[in-house]
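*Asks:* The chain contents come next:
There are 2 protein chains.
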Amino acid sequence: MAPSPQTDAREKDHEKGSDPFFDACEIMPTMTTDNVNVDSASIEAALDQVSWNDQGLVPAIAQDAASGDILMMAWMNREALATTLAEGRAVYWSRSRSALWRKGESSGHVQNLKEIRLDCDGDTVLMQVDQIGGIACHTGRRHCFMYRFDDGEWSVCEPVVKDPTEIY
Amino acid sequence: MAPSPQTDAREKDHEKGSDPFFDACEIMPTMTTDNVNVDSASIEAALDQVSWNDQGLVPAIAQDAASGDILMMAWMNREALATTLAEGRAVYWSRSRSALWRKGESSGHVQNLKEIRLDCDGDTVLMQVDQIGGIACHTGRRHCFMYRFDDGEWSVCEPVVKDPTEIY
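From first to last, the protein sequence lines stand for chains E and Y. Its first residue numbered 1, the first sequence is counted upward by one per residue in my numbering. Its first residue numbered 1, the second sequence is counted upward by one per residue in my numbering.
It is worth saying that the hints were derived from the structure and are not from the lab. We put the beta carbon where it would ideally sit given N, CA and C, even for glycine. Please note that the accuracy of each hint is not assured.
[Unchecked claim] Beta-carbon label-pair distances, calculated as ranges:
hint	chain 1	residue 1	chain 2	residue 2	range
1	Y	A99	E	Q55	19 to 25 Å
2	E	S106	Y	V161	42 to 48 Å
3	Y	E153	E	E153	41 to 47 Å
[Claimed, not checked] Once the Cα atoms are required to be at most 20 Å apart in a straight line, the calculated DMTMM-like pairs of lysine to aspartate or glutamate come out as:
hint	chain 1	residue 1	chain 2	residue 2
4	Y	K162	Y	D130
5	E	K114	Y	D130
6	E	K114	Y	E153
7	E	K114	E	D64
8	Y	K162	E	D121
9	E	K162	E	D130
Looking at chain E on its own, in the form it has when it is part of the complex:
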């Protein structure tokens, strides 16, 4: 097992009595479009800190960096996250196809990575992305969360921006 990032961080907090990383991180620039300058040993160590589930996957949330809208949630395996970090774009693992899913490959609706985060227990990834084309959902909507619970039922509450037959 990889060391728990949560434990490390909390120990550091307790040790120093505050949050020593925060100020430094605040002034860091957002990610460039690739991380080819980061050595592969660092990437492997970072991947080891993710708490992969028993299928070797981690859920990854994509948030629109401009609007703050949650665009979608999909899954990554180690290769998908490594590719996401290396290429600076969201690459998921398609559970139905058992293959890497380079978001936007057929639609052109690429998600360019602005920032990527991991949560306190290391088992969820959050990405800030630039959503090319303004459409994340295969139904032709801005994002996938199209059903809203109102009066006891799920109602469609997002407009179709573009007919999916024109996208694929």
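Fit chain Y to the known structure of chain E by using the hints.
*Replies:* Frame of chain E; chain Y shown alone:
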């Protein structure tokens, strides 16, 4: 298997050539703090439309309704989602404790529900919440996504708002 909300919606879209629900939903008010006026048969039907995984769970994302920040991602089983809908607050399923997890029960950091959505394939829930106390994370941070990937490593990039030993 429950009918797929995705298929239903796309058929409706194709049938009518547009998005018949959107205008109506736009003017709907946000949720009240409970749904006790919704009959239980409706709730059961809505729960049937969720694509539960093989453990009977669905990932649920909590987004701060005011700031747009993603607060956390946790899991719900059928009972947790039913309770969330009935009580108008986020109730998760703790996989480690195998028990309902009424968020804020010990910390007071309740997540009051403003809106709840389901995604296109019915397998992810998104909640807009009012985060009581402004702290969602058990580490005493505003949200759980405390590690940012910078220069090849995960760095803590969120301040501790309150020492967790004072919360629990």
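*Asks:* If you check the beta carbons of Y/E153 and E/E153, does the distance land in 41 to 47 Å?
*Replies:* About 46 Å separates the Cβ atoms of Y/E153 and E/E153, which means 41 to 47 Å holds.
*Asks:* Below or equal to 20 Å on CA atoms is what counts here, so check E/K114 against E/D64.
*Replies:* With Cα atoms ~10 Å apart, E/K114 and E/D64 stay inside 20 Å; holds.
*Asks:* Quick one, are Y/K162 and E/D121 close enough, alpha carbons at most 20 Å?
*Replies:* With a Cα-Cα distance of about 18 Å, the restraint between Y/K162 and E/D121 holds, given a limit of 20 Å.
*Asks:* Within 20 Å, alpha carbon to alpha carbon, are E/K114 and Y/D130?
*Replies:* Violated, because 26 Å separates the two Cα atoms, which is more than 20 Å.
*Asks:* Verify the proposed pairing of Y/K162 with Y/D130, using a straight-line Cα cut of 20 Å.
*Replies:* 18 Å, holds
*Asks:* Within 19 to 25 Å: is that where the Cβ-Cβ distance between Y/A99 and E/Q55 falls?
*Replies:* 24 Å, holds
*Asks:* Checking one constraint from the list: CA of E/K162 to CA of E/D130, max 20 Å. Satisfied?
*Replies:* Measuring from Cα to Cα gives roughly 18 Å; hence the hint holds.
*Asks:* Check the hint pairing E/K114 with Y/E153 against an upper bound of 20 Å on the C-alpha distance.
*Replies:* Holds, because 15 Å separates the two Cα atoms, which is no more than 20 Å.
*Asks:* Take the C-beta atom of E/S106 and the C-beta atom of Y/V161, compute their distance, and say whether it sits inside 42 to 48 Å.
*Replies:* 43 Å, holds
Violation of the numbered hints given earlier is confined to hint 5; every other hint is satisfied by the structure.
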